[in-house]
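Protein chains: 2
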Amino acid sequence: MEKIPYKIYLEENEIPRQWYNVRADMKNKPAPLLNPATLQPMTASELENVFCKELVKQELDDTTAYFDIPDEIYDFYKMYRPAPLVRAYFLEKALGTPAKIYYKFEGNNTSGSHKLNSAIAQAYYAKAQGLKGVTTETGAGQWGTALSMACSFFGLDCKVFMVKCSYEQKPFRREVMRTYGASVTPSPSTETNVGRQILQEFPDTNGSLGCAISEAVEKAVSSEGYRYVLGSVLSQVVLHQSIIGLETKKALDKYNVKADIIIGCAGGGSNLGGLIAPFMGEKLRGEADYRIIAVEPASCPSLTRGKFAYDFCDTGKVCPLAKMYTLGSGFMPSANHAGGLRYHGMSSVLSQLYDDGLMEAVSVEQTEVFDAAQKFARIEGILPAPESSHAICAAVKEALKCKESGEEKTIVFGLTGTGYFDMYAYQKFNDGIMSDYIPTDDELKASLDKLPKV
Amino acid sequence: MEKIPYKIYLEENEIPRQWYNVRADMKNKPAPLLNPATLQPMTASELENVFCKELVKQELDDTTAYFDIPDEIYDFYKMYRPAPLVRAYFLEKALGTPAKIYYKFEGNNTSGSHKLNSAIAQAYYAKAQGLKGVTTETGAGQWGTALSMACSFFGLDCKVFMVKCSYEQKPFRREVMRTYGASVTPSPSTETNVGRQILQEFPDTNGSLGCAISEAVEKAVSSEGYRYVLGSVLSQVVLHQSIIGLETKKALDKYNVKADIIIGCAGGGSNLGGLIAPFMGEKLRGEADYRIIAVEPASCPSLTRGKFAYDFCDTGKVCPLAKMYTLGSGFMPSANHAGGLRYHGMSSVLSQLYDDGLMEAVSVEQTEVFDAAQKFARIEGILPAPESSHAICAAVKEALKCKESGEEKTIVFGLTGTGYFDMYAYQKFNDGIMSDYIPTDDELKASLDKLPKV
Chain A
41 MEKIPYKIYL EENEIPRQWY NVRADMKNKP APLLNPATLQ PMTASELENV
91 FCKELVKQEL DDTTAYFDIP DEIYDFYKMY RPAPLVRAYF LEKALGTPAK
141 IYYKFEGNNT SGSHKLNSAI AQAYYAKAQG LKGVTTETGA GQWGTALSMA
191 CSFFGLDCKV FMVKCSYEQK PFRREVMRTY GASVTPSPST ETNVGRQILQ
241 EFPDTNGSLG CAISEAVEKA VSSEGYRYVL GSVLSQVVLH QSIIGLETKK
291 ALDKYNVKAD IIIGCAGGGS NLGGLIAPFM GEKLRGEADY RIIAVEPASC
341 PSLTRGKFAY DFCDTGKVCP LAKMYTLGSG FMPSANHAGG LRYHGMSSVL
391 SQLYDDGLME AVSVEQTEVF DAAQKFARIE GILPAPESSH AICAAVKEAL
441 KCKESGEEKT IVFGLTGTGY FDMYAYQKFN DGIMSDYIPT DDELKASLDK
491 LPKV
Chain B
41 MEKIPYKIYL EENEIPRQWY NVRADMKNKP APLLNPATLQ PMTASELENV
91 FCKELVKQEL DDTTAYFDIP DEIYDFYKMY RPAPLVRAYF LEKALGTPAK
141 IYYKFEGNNT SGSHKLNSAI AQAYYAKAQG LKGVTTETGA GQWGTALSMA
191 CSFFGLDCKV FMVKCSYEQK PFRREVMRTY GASVTPSPST ETNVGRQILQ
241 EFPDTNGSLG CAISEAVEKA VSSEGYRYVL GSVLSQVVLH QSIIGLETKK
291 ALDKYNVKAD IIIGCAGGGS NLGGLIAPFM GEKLRGEADY RIIAVEPASC
341 PSLTRGKFAY DFCDTGKVCP LAKMYTLGSG FMPSANHAGG LRYHGMSSVL
391 SQLYDDGLME AVSVEQTEVF DAAQKFARIE GILPAPESSH AICAAVKEAL
441 KCKESGEEKT IVFGLTGTGY FDMYAYQKFN DGIMSDYIPT DDELKASLDK
491 LPKV
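Residue numbers (our numbering), protein chains in the order written: chain A, 41 to 494; chain B, 41 to 494.
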């Protein structure tokens, strides 16, 4: 058999021409977004006050299986895609496992993560609609960076509300966004009503993703020619991110490799939803079976300890309600360093698939994640983002199970990004002063008791 | 004709199996290193006190054209190579030039630059010799990071002396090295005699590359089982870095593209020497002609304003003397943000080629470099290192000349790395408070007057 190279690169003309919409193959469709005032399903025209038209269409369409990727987006993809599927030969050897480990590496672009895949799509549709600009929030900073790059490419204004603790801990992330011409405001800010309210109530708050979302939405709907864009959770994002899974599958098919286990970290679900899309499609259509594992931080365990219920997507409760696995929109995750995974809810698509028993979920603790990250960096030569390292941690555990059982399983995981802007967290780990935090049952109960009655 | 893709990736089995030693084709060989005490050419056994045996062999060999790349190094190369040769379609369009622009991108690895190509080679030979560890210095931090990764891979101890101002301005670079298990000491330090002397004389000094080299060399020769390694200037480094040029040439040949102009930034010469090696080889053998342009910072202009003479490689004068274009080992470059280019001298190989009229040199100022860097980031989607941006700046100028003349020249430049750890410098640029500095003739004269009499 042909030896599989360290990195499988597709040819440029093998980059998928269409995104795949996994909802089309789901028997139980994700529940619709609800209007927070009426508790009725959001209509297209209601959503269009907040989101770009074409994106609303994508958001509401749960039957069309494939969407063409417009040429302008496709050309941009060519700048940094195809992303390599890496065979982790060195990691396999270091673990002494018979398992074959692959990872799809999405970090080889300046945004440092997979977020660019959806950012460029959303910026394109905003531009096509003739908008002046977009607003958004960012936690770890990956989404904000990606959106800044995308907006700069299309000449759109970009206003980013950055969770205050990230804004302060990650000044260099902020500078990357500024280099791409974005304006970056620490959240909560005095620029919005909701920000001012939160500051009045909690003057010392470090901010949260839910609060930054509220501010960005308010800013968009109150500014002429602006719309709000979001880097995760929404079904349109899972659609755009399907390019990760489609490329992964094509690369595996090229070498006749069949995955057994597919693993991804899960915050709002953008990476996991995209990575698993075509595999889940086969599973839904009964064409193949895979074990699919979502990995979340033990400090913010929406799938493993949350409830499947309608909830607000933001703290300010200005956004539509989504049916999802949630810890409650008032849940304040501890200061875990994987900022991209500190969200109280989970994509409706993934939530439904999980509830239907089509995927598993596990949670891992922060220090074991950084331990896996450091080992991975030394063995495979890539310093991973804390978020991605959740998937590494779980993949290593599965590979070690194979070592015990002697099974030669094929494990594929998503390496969503690099940790070059997360060295503050690595420093804590290197200094041996990183800690773990797992919310108590009482804490979770207190937050879940406040779920809206729908 | 087949459309050239945005990124030309060689296949894994097309990674060159040998390094090319351009000295073999030089009629005028680079002058030998001299013993600072005797002013006689350094013998192999003298050099072996400081450097690894096999590397000394490579350093002294100016006749063997090709060196086999050992399997262990080749396997490591497969983790992050081949590096893409990118066709800058978007940049060409933005400039409106008929020129065809290509860049060899060496930044897609965690060290963030081409430095890893030589680091892994040097670490391998140190391991093969049975050493415990190596010492080195780092300015901008790219070489130190690369060496940390390489040492971690082979289980070698790695002691890095980091120029003090970088150590303070770039705490996150330091953390990357620590994550790879290296120990990092700000230089000048109290760990060495030369460091203590310098601190006594200049208690407030921010350090310099020349001083950090002296400390690293002293540490190596005074520690059992250690040798010193260097990321630039030396001929062995130019040899290892030839992989950049060899891949570039192979990728161009694949599409029958003939380069007209080849451009690289030049500090000590590691990138430029590697990029141009096979092209210069053709030129030396009379098989083809190319314009080859070295780009240096106006604040540290060794080729454009220095002297071709024997000089010390370090401030402490513990290293051998090299014949090179130099500003004098006592020259203190202004606080330019391209730390990797702030070196008083230049590779003996490149110095000889330049003196023989086989290549050109230009200097560019800091603010125009960052202006080019920012534009490039926005247009081509890669946020470049300040060092690499010198080459971008010069390439853009050449492309604009083509626009004026209507010539469809093919320009190839080296994009040596990413600027993710240089956001402090970008911040200054974004805030509009970056300045330029060009040394006066008197300043240069004062330094050049102190060149050793050889």
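Any given hint might turn out to be false.
Claimed, not checked - Using 30 angstroms as the maximum straight-line C-alpha spacing, the simulated DSBU-like pairs for lysine-lysine come out as follows:
(1) Lys167/B x Lys290/A
(2) Lys47/A x Lys69/B
(3) Lys118/A x Lys167/B
(4) Lys294/B x Lys290/A
(5) Lys415/A x Lys167/B
(6) Lys47/B x Lys294/A
(7) Lys118/A x Lys290/A
Bear in mind the hints are in silico, worked out from the structure with no lab data behind them.
What you are looking at is a predicted structure, and each value in this text was computed from that prediction instead of being measured.
Task: Indices of hints not satisfied (ascending) - done: Going through the list in order, the structure violates hints 1, 2 and 3 and respects the others.
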